[in-house]
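Peer 1: If you want the building blocks of each chain, they are given just below.
Protein chains: 2
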Amino acid sequence: MDIKGLIIDLDGVLTKDKALTPFPDSQDFISFLRKKNIKFKIATNNSLYTPDNLVKKLNKNGIKIDKDEIITPLLVIPDYLRKKDLKELFVIGSEELKSFFISEGFTVKNSTEVKAVVIGQDKDFNFEKMKIATTSIKENNAEILALNKNLITKDDDGLLFPGVGSVASMFSNATKKDYIHFGKNSDEYNKKLFEYFKDTPKNKLGIVSDDLFTDLKPFKDMGIFTIFITTGKYKVKDITEDFKPDLIVKSLSEIVDKLS
Amino acid sequence: MDIKGLIIDLDGVLTKDKALTPFPDSQDFISFLRKKNIKFKIATNNSLYTPDNLVKKLNKNGIKIDKDEIITPLLVIPDYLRKKDLKELFVIGSEELKSFFISEGFTVKNSTEVKAVVIGQDKDFNFEKMKIATTSIKENNAEILALNKNLITKDDDGLLFPGVGSVASMFSNATKKDYIHFGKNSDEYNKKLFEYFKDTPKNKLGIVSDDLFTDLKPFKDMGIFTIFITTGKYKVKDITEDFKPDLIVKSLSEIVDKLS
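Going line by line, the protein sequences match chains A and B. Just so we're aligned, residue 12 is where the first sequence starts under our numbering, counting upward by one. Just so we're aligned, residue 12 is where the second sequence starts under our numbering, counting upward by one.
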């Protein structure tokens with residue numbers, strides 16, 4: 012196992028809840044990668060926090076990283092919006108998400124007169140928002156832009172809810188218009204991710220994630236070494252015939268042992 | 012045009028808003044059908060009102076019909092629930108909808124410990140309901156039961172929102188579990204509808220509706236004479252190559268003229 016570059020999932024891998032509480036061995040893992048000169052990027056679908064705040068919170072919680080060591084959908088979508096001249100947005104998501112788009116120079120409106128409906132996680136989702144989004148898309152031809160294509164998500168209280176991708180597909184079904192996303196394995200996201208690793212050969216790249224289906228399998232298909240960690244939402248019993256990860260570990264420390 | 016039985020859509024055909032305000036010629040149309048001995052059934056996907064209240068409101072608004080002249084998803088779903096012994100329900104929908112299930116002997120719970128998630132139109136839809144529904148389905152294997160499969164719906168303020176079918180498909184995507192529905196063209200609904208017309212040959216049956224795609228086309232495929240009325244959500248320009256109705260009218264009075 013000769014790994015020179017590592018893609019690291021965040022939720023369920025380095026952190027265990029929405030407050031970004033780290034696992035006990037998360038910082039040791041990062042320190043080990045630095046010592047071994049293994050280039051890494053924390054690749055997340057998180058859209059609750061801005062990239063800046065995500066880095067701040069992780070550092071405060073003891074996971075010491077720089078901003079260029081992280082990639083989130085919010086580091087990807089602004090380029091797309093500018094390229095397509097989509098300036099006026101209806102945003103389904105946290106107040107922090109709305110502030111992010113405003114700080115990036117976009118206009119966030121609570122009306123159907125917009126060019127795009129941006130969909131992130133939203134604990135204040137309601138009927139009024141459904142109406143504004145649907146009408147913007149159907150009557151004003153607004154684009155449907157999902158921050159990721161996650162099907163299902165777990166809240167801190169243990170309850171499940173439809174992921175951003177499932178919410179986007181509801182609007183897509185209603186309006187008969189496709190949605191595009193900016194999460195892991197979207198064209199835009201992966202382009203940015205692999206630019207970062209452009210000096211690392213694909214066969215020296217690894218990924219560690221708790222998500223068998225939307226993370227590990229697609230990266231395996233690209234020839235990347237896949238490490239399945241069971242600290243997150245899936246367990247060993249969830250592995251199907253369809254895809255076997257290259258390595259299964261119970262903790263980040265176990266990866267350190269293997270790479271030492 | 013020899014019509015002996017007529018299926019009549021409600022919303023956009025006999026009535027024009029959620030308060031069930033009739034078009035000026037609605038009652039004359041019903042009176043004409045009675046005089047000509049044309050057997051009719053008002054077939055709606057409405058799940059905001061109980062069948063009893065729907066009949067009461069129509070009568071009060073001047074459309075004089077009996078309960079056996081109407082069919083709604085709520086006249087169909089209780090049999091299914093009893094047959095499958097699904098007694099405990101989480102209901103997404105109006106307070107009237109919840110009361111209906113209670114009056115039919117079911118237990119309506121605001122928890123994930125249920126056997127089925129019943130989905131109707133809900134102007135108080137929110138994140139909390141999304142969590143209870145998703146968790147019930149994924150963790151407790153609750154069935155996803157949609158009252159109809161409408162893709163999109165228009166509110167009285169002119170804004171559009173995802174139809175019951177689109178909301179059901181969101182939960183279906185999130186949980187990787189299919190949903191079934193009880194609206195027009197579901198097995199259960201059509202079985203009840205065609206029992207009513209069992210003495211009328213299919214080639215003497217007609218349908219009048221404002222919905223080209225989910226109403227008229229499937230009934231045309233069954234050999235039923237299709238009358239497209241442009242008083243509702245679709246216009247003549249919405250007709251595609253895929254399906255041409257047998258007759259296009261601008262009002263119910265025009266049908267009276269043709270059938271006289």
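Don't take every hint at face value.
Just so you know, same-sequence chains aren't split out, so a pair can sit in one copy or run between any two.
Unchecked claim - Below, computed lysine-lysine pairings styled on DSS-like, alpha-carbon distance capped at 30 Å:
#1 K120 - K213
#2 K248 - K188
#3 K187 - K255
#4 K246 - K187
#5 K95 - K203
#6 K29 - K134
#7 K165 - K187
#8 K67 - K78
#9 K47 - K149
#10 K46 - K187
#11 K228 - K246
#12 K134 - K120
#13 K68 - K187
#14 K75 - K120
#15 K203 - K15
#16 K71 - K188
#17 K120 - K15
#18 K215 - K165
#19 K50 - K109
#20 K231 - K134
#21 K165 - K134
In short, the hints are calculated from the structure, not lab data.
Peer 1: Treating 30 Å as the Cα threshold, decide for K29 and K134: within, between, both or neither.
Peer 2: both (12 Å within a copy, 29 Å between copies)
Peer 1: At most 30 Å between C-alpha atoms: does K187 with K255 qualify within a copy, between copies, both, or neither?
Peer 2: between (36 Å within a copy, 21 Å between copies)
Peer 1: At 30 Å max between alpha carbons, let me know whether K203 reaches K15 within a copy, between copies, both or neither.
Peer 2: Classified as within: same-chain Cα gap 18 Å, cross-chain 66 Å, threshold 30 Å.
Peer 1: Regarding K71 and K188, is the shortest C-alpha distance of 30 Å or less found within a copy, between copies, in both, or in neither?
Peer 2: neither (42 Å within a copy, 40 Å between copies)
Peer 1: Treating 30 Å as the Cα threshold, decide for K95 and K203: within, between, both or neither.
Peer 2: within (18 Å within a copy, 51 Å between copies)
Peer 1: How would you label the pair K75, K120 (within, between, both, or neither) given a Cα cut-off of 30 Å?
Peer 2: For K75 and K120, the Cα distance exceeds 30 Å both inside one copy (36 Å) and across copies (46 Å).
Peer 1: Pop the pair K120 and K15 into one bin, within, between, both or neither, using alpha-carbon distances up to 30 Å.
Peer 2: neither (45 Å within a copy, 53 Å between copies)
Peer 1: Can you give me the call for K50 and K109, within, between, both or neither, at a CA distance of at most 30 Å?
Peer 2: neither (32 Å within a copy, 56 Å between copies)
Peer 1: Tell me, please, which holds for K228 and K246 at an alpha-carbon limit of 30 Å: within, between, both or neither?
Peer 2: within (15 Å within a copy, 46 Å between copies)
Peer 1: Have a look at K246 and K187 and pick one of within, between, both or neither, based on CA distance no larger than 30 Å.
Peer 2: between (36 Å within a copy, 18 Å between copies)
Peer 1: At 30 Å max between alpha carbons, let me know whether K165 reaches K187 within a copy, between copies, both or neither.
Peer 2: Classified as both: same-chain Cα gap 28 Å, cross-chain 15 Å, threshold 30 Å.
Peer 1: From the Cα coordinates, with 30 Å as the cut-off, is the pair K134 and K120 best called within, between, both, or neither?
Peer 2: Result: close both inside a copy and across copies, 19 Å intra and 22 Å inter.
The structure shown violates the earlier hints numbered 1, 9, 10, 13, 14, 16, 17, 18, 19 and 20.
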